[in-house]
Amino acid sequence: MTIDRDACVVGVDFGTLSGRAVVVRVRDGAELGTAVHDYRHGVVDQVLPATGRPLPPEWALQVPADYLDVLRTAVPQAVEAAGISADQVIGIGTDFTACTMVPVTGDGTPLCDLPEFAENPHAYIKLWRHHAAQPQADRINELARQRKEPWLARYGGLISSEWEFAKGLQVLEEAPEVYAAMEHWVEAADWIVWQLTGTYTRNACTAGYKGIHQDGAYPGEEFLKSLNPEFAGFVADKLDHPLSALGDKAGTLTTQAAEWTGLKQGIAVSVGNVDAHVTAPAAQAVGPGQMVAIMGTSTCHVMSGEELHEVPGMCGVVDGGIVPGLWGYEAGQSGVGDIFAWFLRNQVPPSYHEEAAERGISVHELLSELAARQEVGEHGLVALDWHSGNRSVLVDHELSGVVVGQTLATKAEDVYRALLEATAFGTRVIVDTFTDSGVPVTELVIAGGLTKNTLLMQIYADVVNLPLSVIGSAQGPALGSAMHAAVAAGAHKDIREAAAAMGSVRRNVFTPVQKNVEAYERLFLDYQELHDYFGRGANDVMHRLREYRRAALEGKS
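Each residue of the sequence shown is one higher than the one before, counting from 1 in our numbering.
There are no misleading hints in this set.
Distance windows between CB atoms, simulated:
no., residue 1, residue 2, range
1, Leu308, Thr454, 34 to 42 Å
2, Glu306, Arg536, 24 to 32 Å
3, Glu497, Asp113, 37 to 45 Å
4, Arg550, Asp113, 27 to 35 Å
5, Val513, Gly405, 21 to 29 Å
6, Ala474, Arg550, 38 to 46 Å
7, Pro440, Lys556, 46 to 54 Å
8, Ala236, Glu521, 48 to 56 Å
9, Thr410, His241, 48 to 56 Å
10, Gly52, Arg506, 45 to 53 Å
11, Arg506, Lys556, 47 to 55 Å
12, Pro242, Ala180, 22 to 30 Å
13, Glu116, Gln347, 41 to 49 Å
14, Val513, Pro242, 50 to 58 Å
No lab work stands behind these hints, which were simulated from the structure alone.
Where is the CB? At the ideal position from N, CA and C, for every residue including glycine.
Based on the provided sequences and hints, a complete structural model is requested.
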């Protein structure tokens with residue numbers, strides 16, 4: 001296929017709070033135009049929009065219409081901003097947060113769009129950070145351990161409450177009427193491609209990492225039946241579907257989707273993918289040992305390796321899960337940017353907000369400036385970064401945040417810096433665990449909006465004691481999706497060629513400062529002691545506090 005030198009593709013990144021579209025030229029990766037659309041409903045974690053009824057703790061839902069609004073607004077705006085004709089666009093690719101699940105009818109209609117289910121929270125999309133299925137996840141893990149299920153080790157020994165099976169079992173047990181009406185339990189990454197092409201495809205990435213699909217099979221019927229007799233047919237009836245490889249063409253743009261996006265009917269649509277995994281080729285990190293940390297509200301760590309190893313607490317390892325021919329590993333932290341945002345909203349005194357406004361800077365910038373004046377350890381604090389639970393390596397979303405060492409002299413910038421350091425320590429635990437398990441991390445590449453915080457980046461370099469490279473694009477996931485669209489459209493033969501032509505990275509932007517490395521090594525030992533004390537069973541107070549909270553809230557309802 002001969003591709004015009006000015007041919008372009010569109011990548012759309014569906015994040016937690018918004019969707020972003022970027023127009024990219026296929027020959028050199030030039031980003032010509034971008035646009036962002038904030039979801040109207042955002043994260044539904046307080047009350048259900050249709051009823052105003054409060055949601056229980058740990059719930060996080062979304063509304064599918066918000067995703068379609070991204071196609072209607074961000075895509076045509078990005079094309080307009082690029083100053084190109086829609087005729088130049090040869091393909092579109094998408095990525096999503098995962099594991100974000102949509103219960104749908106046979107034709108792909110979300111159940112929450114049906115009048116009979118509009119008031120049932122289980123009919124809505126369960127966002128990745130919906131953690132209310134923890135009891136179901138605990139039972140899945142315990143049964144898998146008892147039965148010595150071989151797939152459990154591929155997920156670091158624990159299945160997360162964020163993933164497909166735990167959330168599906170929760171729907172069955174708490175809303176059997178929704179479960180009965182649900183004909184497909186679909187990753188949002190695949191649902192949006194369904195809306196674009198009119199064809200249901202299931203991508204191999206989410207199936208492997210979030211759907212417990214290993215060595216060509218899902219957990220067997222006997223295992224599912226042991227969890228709940230009514231769950232025995234979950235795979236066969238709700239989940240199973242032929243898998244499509246990353247970079248493949250899922251189909252072509254329908255008439256309706258062309259009207260939404262302003263693009264030409266019939267252009268290529270690539271198979272769905274996950275935001276973190278598409279970012280690796282965008283950062284030219286397609287070789288073994290190159291770990292990419294995509295840092296935003298949460299952080300996802302992905303890397304490829306030549307060999308299969310079992311890494312405790314990893315989110316999964318999938319053959320070809322990132323690029324063909326290599327094992328793709330994933331780990332992550334459930335809260336990073338979310339923690340910093342929470343601190344600003346709820347813990348920072350008004351005087352800081354007033355000073356930041358007077359100086360024309362953000363409160364984040366003010367706190368970072370003040371914190372950067374400190375020597376390592378000067379604040380006298382150490383924190384645990386578990387405000388949204390722990391994804392890796394403990395895989396326990398009942399855990400919670402801790403700050404140790406506060407006194408009456410502690411200031412906002414002290415705690416802020418301690419929280420920045422806590423997230424760096426969390427990444428250090430992940431890096432050390434991979435290296436100790438035979439999957440050495442040779443390079444750490446950072447992507448995402450938090451790369452703008454130079455204090456945070458230097459702390460990470462010092463804590464992990466590795467030079468940090470930074471992706472060359474501010475739109476990593478969207479760029480990665482555009483690259484997969486280029487492959488699906490035939491502009492590049494595979495994702496490695498696309499990465500070489502369209503990806504970009506700045507090597508060794510932040511390097512470790514030796515005196516800081518030594519100081520952080522002492523603090524990290526304290527972090528590790530707290531990590532193991534609260535996270536590995538020595539003290540279950542965090543779990544008990546969650547139970548007290550749930551009981552109190554239930555008593556009020």
